[in-house]
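Enquirer: Please model the entire structure based on the sequences and the hints provided.
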Amino acid sequence: MQHTQSKRRFLKSAAYSTLAAIGVPLAPAWAKVYLSAEQAKQILFPDTELEPVAISLTKEQSKAIKKASKVRVRQADLQVWRTPDNHWFILDQVIGKHENIDMAFALSSEGKVLGMEILTYRESYGHEIRWPKWRAQFHGRDKSEHLKLEKQIKNISGATLSCRHVTDGVNRWVHTWDLVLKSHQV
Amino acid sequence: MNQLHRCKPLLGTYAEVAVAGDYSNRQLIELSELAFSKIIEIQQVMSFHDLDSELSHVNLNAHRRPVQVSTSLWCLLSLCHELHQISKGLFDVAIAAALIEDGQLPLELLKQNDMSVDQYGGSWCDVELGDDQTVFFHKPLLLDLGGIAKGYAVDRAFTAVNNECCVSVNAGGDLRTSRWQGESIEVRTRLNKTESVTMRRAAVATSAGYYNQGRSAIVDPLNKKPITKPTTVTAFANECVIADAFTKLMTLGFDDIAAQKRYSVELLRLP
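In order, the protein sequence lines correspond to chains D and C. Note that the numbering used here numbers the first sequence so that position 8 is 8, with each residue one more than the last. Remember, the numbering used here sits 1000 above the position in the second sequence when you count from 1.
It should be emphasised that the hints constitute simulated quantities derived from the structure, not laboratory data. Where is the CB? At the ideal position from N, CA and C, for every residue including glycine. It is possible that part of the hints are untrue.
[Unchecked claim] Label pairs and their calculated CB-CB ranges:
| id | chain 1 | residue 1 | chain 2 | residue 2 | range |
| --- | --- | --- | --- | --- | --- |
| 1 | C | S1196 | D | D47 | 38 to 44 Å |
| 2 | C | L1129 | D | K63 | 53 to 59 Å |
| 3 | D | Q61 | C | R1026 | 34 to 40 Å |
| 4 | D | E51 | C | L1129 | 51 to 57 Å |
| 5 | C | Q1044 | D | Q185 | 28 to 34 Å |
| 6 | D | V33 | C | K1193 | 20 to 26 Å |
[What the hints assert, rightly or not] Far from chain C, some chain D residues (derived; all Cβ distances over 12 Å):
| id | residue |
| --- | --- |
| 7 | D77 |
| 8 | Q93 |
| 9 | E110 |
[Claimed, not checked] Some chain D residues near chain C, calculated using beta-carbon distances under 7 Å:
| id | residue |
| --- | --- |
| 10 | I43 |
| 11 | I118 |
| 12 | C163 |
Expert: This is the structure we're talking about:
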C-alpha cells in the first residue's frame, strides 16, 4: 500500500514536472481529471476508427490562424485524428488566466463543432504561488498532506468562472480547420 | 460500481455531471448525456446572451403584448414572483439593464429593438404573469435569470437521472448531489482561498464578486447598482434554484429566519 501511494505521488509529481518542462506558465493549485483521451474518443466518436494525421503548423499557418481567430497558436504540432467520414477528433490545451484545461474537440467534415469534452481541469492561483514552493509542499510530507491535496479536488462551490478561454479555443480550431485541416481531408 | 465524471462548457461556465452505478460505460455515457441535455435545454430557453432564446423573445416583445411561455420558463418566473413577494421586493430579476450599463451583460439585445438601455426602466412590479402562462411587461424592462437559471438547470439535470443512479451536478458552483450526508465541499473565498464546509442539504450555491474584480452581478433593486460587498455567501437547500436565490437574498441583506425555515435553507457567510 505504501509503495502504491509513493508511486501515485511520484506519478502526480512527474506529471506536473512535465507541465513545467513544456513551459506551462501556471502552477496548478488543484486539478480534476474527468476523462482520458480514450474515453473522450468513445463519447465523441463511438465505435469509430480514428486515423492519426501528422500535422505541424508552419509559422505562416500559425500567423494566419491567429489573424483569423484573434487567438494565439501555442503549439505547432497538432494532435488530430480523422474519421473515415472526414470528421476530426482533436486534443488540445486551453490556457486562461485562472485555469489550464486539457480538452477534446470534435469537428465535422464541414468544420462545425460536433461536441467537446474537458479531460483535465487545472485551476491556478497565478503568480501568487511560486513553483518550487508548491513542489516542496507536494512532495511534502506525510499521508495527511497527501490527503489534503486529494480533498481539494472534490466539489467546489463559488463564484462562476467564465469559460471564455474555452470559447477562444473553439474559435481557434474552427479557423484551423478552415486553413489547415480541410486540405487534409480525403 | 462504475462511475463517469464529465465536464462541458455550458451556461457560460463549467458544468460537471458525475454518475455512478452498476452500469456499463455505455450506459453511464447515456445517463450523463441525458443530464447534459437538460442543461442545454434550459440554456436554450433562458440565456440572456442568446438572441434566439425564449428569454430574449420575452425581453424583446413582452412590453408590446402578452407572450406565452414554455412550462420551464413559466415555473422559474413564478418562483421569481414568489421570492419577490416574500422579500418585499429585494429579489428582482428585472435588473439586466443595470448589468448592461455596468458592462456585465452585452448590448446586442438593445440593438434588436433600437432602444437605449435607459428606456428599460421597469422593475418586477411591472411584470404580469397571466393565468394562461403568459408574461406581459407594463413598462419596458429586461429580465436576467443568471444564477437562478443555473440552479434550475442543475435541478433539472439531477432529477432526470437520480432515480436511475447516483448523480452529482455542478454548474459553476451551483451543485446538487445524491450522497450529500457526511460530505464536504470546498467553498471559494476571496484572496484565492477555499474553505472546507460540510454539506447541510443536497444542494448548495455560492455568490461572490471576487472573480470579477470585486464587481458583483447582484443588483440592489433600490438604487439599480451592482453591490460591492466583499463577502462570500453560501446557501444550502433541497433544490439548487432555492439555494441560488437565497445567496442573492442574503447578499442583499435579507436574513428573514421565517423565510429560511419555509424554504428549508441554511446560510453561511465567509470572508
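Enquirer: Each hint should be assessed against the structure and marked as holding or not.
Expert: Tested hints:
Range check, S1196/C to D47/D: Cβ separation about 42 Å, and the 38 to 44 Å hint holds. A hinted range of 53 to 59 Å holds for the C-beta pair L1129/C and K63/D, which are about 54 Å apart. Distance hint for Q61/D and R1026/C: a CB-CB separation of about 38 Å, consistent with the stated range 34 to 40 Å. For E51/D and L1129/C, the hinted distance range of 51 to 57 Å is satisfied, since their beta carbons lie about 56 Å from each other.
At roughly 31 Å, the beta carbons of Q1044/C and Q185/D sit within the given window of 28 to 34 Å. As the Cβ distance of V33/D to K1193/C is approximately 23 Å, the hint placing it in 20 to 26 Å holds. Residue-level check passed: D77/D sits 24 Å from the nearest beta carbon of chain C, beyond 12 Å. Once the 12 Å rule is applied to beta carbons, Q93/D is consistent with being away from chain C; the minimum gap is 15 Å.
E110/D, annotated as away from the interface, keeps every beta carbon of chain C farther than 12 Å; the closest lies near 21 Å. A hinted interface residue such as I43/D counts as satisfied when its beta carbon comes closer than 7 Å to some beta carbon of chain C; here the least separation is about 6 Å, so the hint holds. The interface hint given for I118/D holds, since its Cβ lies 4 Å from the closest Cβ of chain C, which is under the 7 Å cut-off. About 4 Å separates the beta-carbon of C163/D from the nearest beta-carbon of chain C, less than 7 Å, and the hint is met.
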